[in-house]
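Here's the letter readout for the chains.
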Amino acid sequence: MINLRRNKDLAAVEGRRIGLDSIMTVLAFVLLLVIVVIPISMIIYNAFFFEGKFTFGLIVDQLTRSTTMSSMWNTVKIGGLVTLFGTIVGVFYAWLLGRSNIPGKKLMRSLFTIPYMFPPFLGAMAWDLLLNGRSGYLNRWLMQTFNLSSAPLNINTVWGIVFVEISYYFPFVFMQVVSALERMDPTLEESARIAGAKQGTVIRTITLPLVVPAISAGALLILISSLAHFGVPAILGFSQGIFTLPTRIFAVISRSGGSFEGIRQAAALSILLVIVVALALLLQRKVLSSGGYDIIKGKSMRPTLINLRGARIPLFIVALVTLVVIVIVPLVMIFLVGLVRAYGLPLRPENFTLANYARIFTTSGTVDSIKNSLVLAISAGVISMVLGTLIAYVVQKIKPKGTGVLEILSVLPYSIPGTVLAIGVILAWSGSLRVNLYNTLWIILVAYIARYLSFSMKTSSAALLQVHPSLEEAARTCGATHTESLKDITLPLIRPAMISGFFLIFLPAMREVTTSVLLYGPYTRTLGVQIYSLRDAGMMPQAAALGSVAIVLIIVINAIVNAITADRKGV
Amino acid sequence: MAQVQVQLKNVTKRFVTKTLGDIVAVDNFNFEVYEGECFSILGPSGCGKTTALRMIAGFEDLTEGEIFLGGRPVSSSRDKLYVPPEERDLGMVFQAFAVWPHKNVFENVAYPLRIKKVPRPEIERRVKEALHHTSLTGLERVYPSDLSGGQQQRIALARSIVTNPKVMLLDEPLSNLDPHLRETMRFELKELQSKFGFTIIFVTHDQSEAMAISDRMLVADMGKIMQIDTPENLYNRPINRFVHSFLGESTFLNVVIKDGKVYAKGDMEHPLDVEAPANAEPEMVLATRPNAIELTADIGYQTHVQTRIFLTDRTEYVVPIGNQTLKVQTPHRITFSQGESCSVRFVEPMWYPVEDAEAEKERQRRQLI
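Quick mapping for you: the protein sequence lines, in order, are chains A and B. Quick note: the first sequence uses numbering that gives the first Met the number 0, first residue 0, plus one each step. Quick note: the second sequence uses numbering that gives the first Met the number 0, first residue 0, plus one each step.
Note that these hints are calculated values from the structure, not bench results. Keep in mind the model is a prediction, meaning the values are calculated, not measured. We put the beta carbon where it would ideally sit given N, CA and C, even for glycine. It is possible that part of the hints are untrue.
As the list claims (entries may be wrong) - The following label-pair restraints were derived from C-beta to C-beta distances:
| hint | chain 1 | residue 1 | chain 2 | residue 2 | range |
| --- | --- | --- | --- | --- | --- |
| 1 | B | Thr136 | A | Leu314 | 18 to 28 angstroms |
| 2 | A | Gly79 | B | Thr62 | 17 to 27 angstroms |
| 3 | B | Ser147 | A | Asn561 | 49 to 59 angstroms |
| 4 | B | Ser144 | A | Phe351 | 15 to 25 angstroms |
| 5 | A | His467 | B | Val15 | 39 to 49 angstroms |
| 6 | A | Val555 | B | Lys189 | 55 to 65 angstroms |
| 7 | A | Ala216 | B | Lys189 | 18 to 28 angstroms |
| 8 | B | Ser144 | A | Ser190 | 29 to 39 angstroms |
| 9 | B | Ser144 | A | Arg311 | 55 to 65 angstroms |
| 10 | B | Glu128 | A | Asn561 | 36 to 46 angstroms |
| 11 | A | Asn561 | B | Ser144 | 17 to 27 angstroms |
| 12 | B | Ser144 | A | Ile554 | 26 to 36 angstroms |
| 13 | A | Leu490 | B | Ala291 | 52 to 62 angstroms |
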């Protein structure tokens with residue numbers, strides 16, 4: 000506590016003299032006002048005010064439509080199911096790989112995190128190619144082989160959407176729980192065994208309750224992500240008329256052709272989506288209102304591994320099959336369909352061609368989309384990295400009045416669905432405030448920055464917390480001014496965190512669809528949008544080929560990042 | 000008389016907190032530190048010692064008062080003067096060393112000179128000299144994370160002496176080291192001081208460390224200066240019960256003084272073998288050191304040995320007196336067995352008024368901050 004006041008005090012003293020801190024503080028507030036507050040206020044204004052008067056009319060109008068109600072219900076149903084099953088799958092595999100003697104743990108662990116970087120909408124595309132109710136490859140093979148009159152499996156259902164989302168979202172829980180299990184003090188479990196509890200009882204009464212905070216943190220991430228998710232329901236649901244709130248908002252916007260009425264409807268739907276997300280968060284907090292226990296030691300310890308005995312090999316096979324189904328099958332499918340001459344032809348070598356890939360680099364729209372995504376991802380990464388660090392510095396070190404507000408504002412967009420954010424950006428920056436960025440890359444950039452700012456702000460914050468105040472103070476007693484001590488000491492120390500913050504933004508921005516699909520113009524298609532449109536236009540092989548390029552790009556960049564971060568000096 | 004190097008005049012620092020109300024962290028500090036002196040500020044956590052040091056360093060402004068460094072005012076509430084830390088020309092060593100992990104040993108030590116835009120050959124020369132004096136020669140290109148705690152501490156020392164400052168501020172610089180290393184570093188610090196002649200202000204909560212290193216010490220409690228004196232005088236003539244208990248081992252006895260005789264509380268029949276002090280109050284605290292009590296067979300207050308503990312360099316006894324117990328330390332040659340009857344006699348004890356409960360409450364409140 001004293002430290003907190005100390006910093007404030009010094010800041011006040013210096014504010015009188017130099018004002019660097021006050022400049023940064025003001026800048027942080029202004030930036031968040033422009034990036035976060037204005038778009039969100041515009042949604043609220045447009046949803047509740049009509050011709051300058053306050054009204055619930057728009058919301059009520061939306062609520063009385065059956066399409067809205069069914070979308071809401073689908074959103075909640077899919078979100079709930081994905082969270083439930085994703086959590087179960089995540090915890091099960093976390094325990095299996097973290098605490099049992101299953102073979103091949105190390106390799107499987109890295110494979111289990113692949114879905115984390117694989118764009119879910121590409122996975123949905125792959126499953127659609129396999130299990131589409133009418134034309135899926137696997138369905139047709141099954142029908143031929145077993146002489147069935149109709150397709151046995153159909154991915155274009157609510158359950159299909161749930162399945163695909165689970166396979167991409169369970170790593171949230173998996174990774175949280177694995178690390179909690181690893182850091183848990185093993186004597187906690189051992190003393191339960193000494194007390195006479197059987198292995199199963201220990202897992203149920205000791206291990207699981209102790210990792211509940213980790214589970215609920217992961218489950219929360221799944222819930223927020225799934226409720227706001229656009230890609231999977233868009234690809235699997237549209238053809239069957241299955242809508243969630245994010246896809247309904249997209250449909251309303253694209254059907255209205257950009258008319259103001261459509262955008263206002265979208266604003267009202269956005270409010271509903273935000274309410275659904277907020278309610279879900281509240282509910283989850285009620286259900287899992289467990290505080291963090293102080294049982295997890297920071298040091299890495301060697302936990303006792305549980306001998307699976309006879310179940311060892313069967314469980315290994317189950318894990319392997321899971322990996323093949325959720326990682327290998329979609330990947331292979333995308334690559335193979337990318338090779339096929341025409342969609343629908345059997346996947347045999349004689350039908351394969353590289354023409355689809357060649358076309359990617361000769362079609363200007365496609366090349367442009369790759370360029371656009373690179374430009375957007377790099378600029379969003381750099382800008383968010385700088386702004387996030389600036390805000391983190393203000394929050395962690397300067398602590399002005401209203402620090403709490405600053406912190407909330409910077410992480411707020413993270414829990415606001417991308418679709419909603421895009422609507423806010425359209426409302427704010429397409430002329431109504433005398434700034435018109437519509438149909439330019441700028442509007443997409445602004446949306447990306449708002450969306451990803453919290454990523455870099457969090458990593459920089461964590462790094463700044465590690466920089467003990469005495470390091471800067473030592474520089475001051477050595478004769479360095481405030482600016483010099485920032486430049487010579489603090490910035491170099493948090494540089495690795497800033498760089499990883501950049502890649503945390505760069506990677507998801509490269510494959511972004513949710514906001515760009517609402518914001519793109521004729522010349523500002525992004526990679527994700529281009530894949531989506533190619534598929535929408537029925538050009539499956541081209542879409543798959545471009546998808547393969549995207550995947551390779553992501554994997555290569557990820558490998559580079561890992562190589563860079565692996566050998567940096569331990570600071 | 001040596002020149003005054005650091006001077007605090009009526010320095011007060013107030014914090015406003017939401018949960019605990021206003022806190023006077025430093026309450027009207029007045030003291031001078033002379034050139035070449037080693038001056039310790041000693042006290043329990045929350046006594047204001049670190050705040051005082053940080054005000055001298057310039058990391059905190061003061062609420063009231065003035066601070067002078069080498070006769071030049073650097074903080075003054077009256078003149079609204081505040082000189083930032085980088086313009087105070089001080090050396091400082093922090094508790095956590097504050098060695099920059101992204102700079103190697105040479106760059107850490109060279110930093111203050113680079114900031115001052117000292118020419119390159121001169122930097123080389125002075126860093127080399129500073130490293131020589133701190134036994135770091137040969138480690139120039141090594142990064143701090145590859146060095147031990149003691150070596151990191153030496154980097155911090157080298158960095159603070161490289162500019163040849165007049166005043167060196169040390170904020171518990173030895174508390175992160177193991178006991179053996181602490182002793183070595185203490186010795187080296189004194190060596191450096193005699194070589195360079197800087198003034199040391201040393202903040203610590205470790206009384207034996209302060210005693211070993213200081214020419215004079217300031218003992219503070221709850222934001223107030225209790226006593227400033229040489230280590231010897233502080234130990235032998237502590238001004239109050241707090242200073243007594245803070246330096247060395249103490250044993251206290253609540254006593255009642257009646258008709259010029261002193262009785263331990265709980266036993267009004269047998270007076271203690273000690274003379275009542277001048278202007279005695281009816282109830283007082285008798286304070287002494289466990290090794291300043293004479294334990295004999297029959298001279299003094301009759302009691303018996305309740306517990307006997309044999310230690311390496313002394314024997315420790317607990318003897319009941321009235322409704323209290325007393326700790327007594329004797330050389331090994333004096334032996335009483337458990338339960339054996341014995342007598343205690345006090346040699347030149349100190350007398351303090353009974354401490355009121357309010358003071359204790361205030362101390363606990365401050366511990367919470």
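Hints, verified against the model:
1. B:Thr136 - A:Leu314: 18 to 28 angstroms: Because 60 angstroms falls outside the window, the suggested range is violated.
2. A:Gly79 - B:Thr62: 17 to 27 angstroms: violated, 57 angstroms
3. B:Ser147 - A:Asn561: 49 to 59 angstroms: Given a distance of about 32 angstroms, which is not inside 49 to 59 angstroms, the answer is violated.
4. B:Ser144 - A:Phe351: 15 to 25 angstroms: About 54 angstroms separates the Cβ atoms of Ser144 of chain B and Phe351 of chain A, which means 15 to 25 angstroms is violated.
5. A:His467 - B:Val15: 39 to 49 angstroms: violated, 25 angstroms
6. A:Val555 - B:Lys189: 55 to 65 angstroms: holds, 60 angstroms
7. A:Ala216 - B:Lys189: 18 to 28 angstroms: Violated, since Ala216 of chain A and Lys189 of chain B (Cβ atoms, about 53 angstroms apart) do not stay within the stated range.
8. B:Ser144 - A:Ser190: 29 to 39 angstroms: holds, 36 angstroms
9. B:Ser144 - A:Arg311: 55 to 65 angstroms: violated, 41 angstroms
10. B:Glu128 - A:Asn561: 36 to 46 angstroms: Holds - the Cβ-Cβ distance for Glu128 of chain B and Asn561 of chain A, about 44 angstroms, lies within 36 to 46 angstroms.
11. A:Asn561 - B:Ser144: 17 to 27 angstroms: holds, 22 angstroms
12. B:Ser144 - A:Ile554: 26 to 36 angstroms: holds, 33 angstroms
13. A:Leu490 - B:Ala291: 52 to 62 angstroms: holds, 58 angstroms
Going down the numbered hints, you'll see the structure goes against 1, 2, 3, 4, 5, 7, 9, while the others check out.
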